[in-house]
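Participant: Once you have looked at the hints, place chains X, U and R on chain V.
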Amino acid sequence: MKQYIVRRFLQMIPTLLGTTFIVFVIINMAPGSPLSHMVDPTISAEAIERRREQLGLDRPLLQRYGSWLVEAVQGNLGYSTRYRGRLVTDIIQTRLGPTIILTFSSIIVSFILAVPIGVISATRQYSALDYSVVVSAIAGVSIPVFFLGIVLIYLFGFQLGWLPVGGMAAAGVRHPTWLSYAADVARHLVLPLVTLTAANTARFVRFTRSSMLEVIRQDYVRTARAKGLSERVVIYRHALRNALLPVVTILGLSLPFLFSGAVITEAVFAWPGMGTLLIESVSLRDYGLLMGINLFLAVLVIIGNLLADIFYSVVDPRIRYD
Amino acid sequence: MMRRIIAKLLKSSASDNSLNGAKNDDIVSPGKIIWKRFRRNRIAIVGSVVLLVLIVLAILAPVIAPYERDAIELARREQAPSSEHLFGTDRQGRDLFTRVLYGGRISLSVGLVASSLQMVIGVILGCLAGYYGKWIDTIIMRITDMVIAFPFLALAITAAAILGPSIYNTMLIIGLLTWTETCRLVRGQFLSIKQMEYIEAAKATGASEFRIVWRHMLPNAWAPVLISATLIMATAILVEAALSYLGLGVQAPIPSWGNILEPARSMVVLMNMWWLWLPPGFLIFISVLSINLVGDGLRDALDPRLKN
Amino acid sequence: MTEPIVKLENVKKYFPIRGGVFSRVVGNIKAVDDISFSIQKGETLGLVGESGCGKSTLGRTILKLLDPTAGKVFYKDFDIFATQKEELRNLRREMQIIFQDPYSSLNPRLNVGEIVGECLEIHGIAYGREKQEKVESMLEVCGLAPHHRRRYPHEFSGGQRQRIGIARALTLNPDFIVADEPISSLDVSIQAQIVNLMEELQEKFGLTYLFISHDLSMVRHISDHVAVMYLGKIVEISGKKELYQNPLHPYTQALLSAVPVMDPDHKSKRIILRGDVPSPANPPQGCNFNPRCIYAEEHCRNEEPELRDVGSGHQVSCHLVEKM
Amino acid sequence: MPDLLEVKNLYTSFHTEDGVVPAVNGITFNLKHGESLGIVGESGCGKSVACLSIMRLIDHPGKIKADAIKLDGVELQSLSEKKMRTIRGNEMAFIFQEPMTSLNPVYTIGFQLQEAIQLHQGLNKKQSRTKSEEMLKMVGIPRAEKVFDEYPPSLSGGMRQRAMIAMALSCEPKILFADEPTTALDVTIQAQILELMNDLKQRINTSIIFISHDLGVISEMVDRVIVMYCGSIIEDADIRTIIKNPKHPYTFGLINSKPRIDVDLDKLIPIPGSVPNPLNIPSGCPYQPRCESAMDICKSKIPGKSQINEGHHVSCWLFSKQGGKIKS
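Residue numbers (my numbering), protein chains in the order written: chain V, 660 to 981; chain X, 28 to 335; chain U, 2 to 325; chain R, -16 to 311.
Worth flagging that the hints you see were computed from the coordinates, not collected in a lab.
Among the hints, erroneous ones may be present.
Simulated pairs of lysine to any residue, SDA-like, Cα-Cα distance not exceeding 25 Å [said to hold, decoys possible]:
id, chain 1, residue 1, chain 2, residue 2
1, X, LYS63, V, ARG896
2, X, LYS161, V, ILE664
3, R, LYS109, V, ARG896
4, U, LYS270, R, ASN292
5, U, LYS270, R, ILE226
Label-pair distances were calculated between CB atoms; the ranges are [as the list claims (entries may be wrong)]:
id, chain 1, residue 1, chain 2, residue 2, range
6, V, LYS661, U, ASN303, 32 to 40 Å
7, X, VAL55, V, GLU939, 42 to 50 Å
8, X, LEU101, V, GLU730, 46 to 54 Å
9, X, GLU111, V, GLY820, 30 to 38 Å
10, U, ASP266, R, THR166, 22 to 30 Å
11, R, THR166, U, GLU134, 14 to 22 Å
12, X, GLU236, V, LYS661, 38 to 46 Å
13, X, PRO246, V, ILE962, 36 to 44 Å
14, X, VAL55, U, ASN174, 25 to 33 Å
15, V, TRP821, X, GLY120, 32 to 40 Å
16, U, GLN246, R, GLU275, 29 to 37 Å
17, X, GLU236, V, PHE680, 39 to 47 Å
18, X, ARG67, R, ASP249, 49 to 57 Å
These figures come from a predicted structure and were not determined experimentally.
Every residue, glycine too, gets a C-beta built ideally from N, C-alpha and C.
In isolation and in its complexed conformation, chain V is listed as follows:
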């Protein structure tokens, strides 16, 4: 067990190195020099060259990656090229909160919705209910996130006027209490959350359902029935626990999906998170920031997977005997 966790930790290192290196290479493929946006065009070519040397841009890629890595390990992701002199980590920090609010609430909501739907659907296989769940789940993963967002804005924002369609809080309003601020954020959260959660829920429903179908045909479920346990106990005690184990892993593995969805959702709803920051830094060609964001998301994904794996090995007694 302990060994397994340690091994997983060690395995994480090359993954992180590889991931950051590839991102580093892509960023460095950018046409023109990263300095072209930073340096005043009136400065002479010589001065630019001196600055290049100063920044170490004339060194080979691998060496540059090395020194970048040394800094990154110490928590220094460099400076933003656009927001003059601001630390990338500082900028990311300010945008992290909104993204976490959005993604975490989406995970929680979709999980709460998906598990019961998946279970009920699986226990009534071949019923009309199951059939419609399956089809709507496929439809759910087929809607383009941004299109769903647009439709929701159009309907609930403009036509019905029920909900705010952009940002995280009403602009220019001073909130007297902490609570009223939270309420305002919650109102702003509704549409982005629905948008992001639709596809996630659909995906989790499919996982839960197929995992559950797999489990309810296992021998031990028949044993449980043969003991005279009620159907509720058979399903929720004996089957569900086994069925949820793989779902946990899948939860970890679907983090990249979740972040992808979040990027678009944020862009559509101008939610001030990492996603909008990413789009901004793309249009501003702020490579330092881009690098930071990608790295940051990659680390989140890797840690998420690691946690899911560890959690899995803790809750599944089978792992202990491997």
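Facilitator: Just chains X, U and R, lined up with the frame of chain V:
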């Protein structure tokens, strides 16, 4: 449970008692079984028909389209749908019906090419990892882990911004970022097929490695690859649309369903010109949905073990 | 006295166990541990043992389908483990294998003709029409109809599939066949069909069999000699009659007494072994049977017994043979 | 006193996409108090499905139909599902073939034992723990207190099967269905389990229905045997008669096709052909295409049950008065 009991009841016997009759036309080849199972799935059939219609429309776009693809006519800007312009006109006065037809060509082919690309990469790496195992497997699996850990869309956006947005870069980026699942599937298939006794039998008769892979392993591994290729094609269309919507995918004047929607990022367009975004958005949804339905039907037909 | 066609000398097959943080090799599963015996031409050697004792691994190692860890196997004059790729490929024509599972042993995507005829193509013996004819006649020999050539494996019952597997093994006209539990996944009434077929074919083509099975009754029926395996080692090997009527190793005795007898009047004293088979990753010290042996003495726990001849080719690996 | 179990004309069929699979085709038998009955037949003959049907453990797409399934005179088919649950695991218990997969891997052995005891006997946690440990000791599990807290994956197949037996017997059921309980085990472990079951049979007051494809195992375990083929009972008699004096050609074939551990046989006599596809059962007697004594009538009409002796019945035209006439 019951399914297993039934399978057991059916397993011990020959599938057909008329096996001794010499009629050859009732030979049940694996292909026939797959087709029979697929046909039973009504929803998958509906999906296939819709998809087929979309493909035909895309192919015939130059024939059907009432206007020139990029014909700008500023006098007819921002018109709502009418009998003259079925889907209305855009902000440059181009006929949207025409552009949506052509856009289908681009969107569907980006999906197809990107998915084929990932399939090639995934199958080759998966074969290598699954067949040779050992350090080759370790290295390939580590690379797969890295790519899986990429914040997919964020990296795609970054790469598109850096490489410059274009159709080809979009295809390339999507292809390069989505092969991991195929690779894992093929590897997994190879690992389990390698355990099969028919592989040992082939070895025991002195078959070459090439023959074992080509004749015995690949034909038994392609089913999940095909299923995932379909599903990845659906994903690819979604990603292309998202990139293009953000202005980082296919660039105007070439239309794609995604970039036709781009003006809807402006609230004015979104509020007042629904015809600019509703038809392309709906078509993306319909095409992705029908591809997913076909993929799901294929899964049921090709891999009865997975049939739920 | 016939000459041996297959001869094993100290054959070992270990599987490494990996563990720890860096997946280093921390031990070995000694699936096959120092086995020597020979099989006479035209005979059947039955190899019995419980699941996990290494009997299937041994069968595959002899054919070099698994890479051996140590030892030598001679087939006629060839040192199989030392042969090079090309030579081994040619040798494969003479040594074949029949598998346990008639479901996983036939490639589901190929039709019967392709399955049975593939080896003819591989060795460049026959193609096209000629291949077809050979396949058809082999199918008939194995109790199937020629037109079955065009059918697919899933259209056949377990017994018929096993016939297809046998036809595949025999198409190259081999001399030596490893039959790895060929009947254990078949229904009782079909088992006899397959065993009878194997006996007929042996007579017809002068085949030599290594018949691997856990079914002691069937082994008694088909074998000339019988070897008993326990935890990767041969504990007893002898002529069939001698072994079944006069088993000397305590494990063999227990094994034979454990088989249920289809006779309500049968009242023999059954030896019930204590506990389970120990893990081959961590076999007991000394004689590996000692923890379950009712006769075990002090030196059984410390000293490993050798397989030794106790008269007329009856070999036993037990310290206490003389006392029993 | 009525028989403990009475089954009359039980039909179980599965409605699949490919057609109807008649797994059990109108079987009738009874089980007396304290009796051990064997059901023997090849895989797919419907012996397991028959027992699952009696327990009403068949679900979609299976359908059960019977004139009577009575336990101690009580018709089980008319019971509500809730009432039926008080019988399952309590008055009738099941041991399955696969000890490796029949226990839930994520709960301890003890938890799974306690579950049934608490449910049916209304014992509290502490009492049920004591009882569970007693049961584990009774089935010969060493260190029962420790095994109680272990998860199934840490036990060997033999140990798990012992735990399954403990679980099945924990509520002192009237009937124990043992569905090939030793088939998945090695022969030395099989001997342990059979000995255990024979030993328990003396000590507890439970009737046993023992399902197996192996007449050797059956003959060590039971008093009376039912032979099934293609979902029908083709012969039934006490074990001695079945083995020494079988009448049905199928029973005969089953016995002669098996080699013996104690005797050398020159040649095995196999049954020709293979079991028919249940989607396409031959007309008349289902065994007729494989039967060497088949007559014309066998191909067209299903034989009825004929009595050979007291307690020995066979369904075969060779022994039917009507069939005999046609033959002569």
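Participant: Any hints this thing doesn't respect? Which numbers, in order?
Facilitator: Numbers 1, 4, 7, 11, 17, in rising order.
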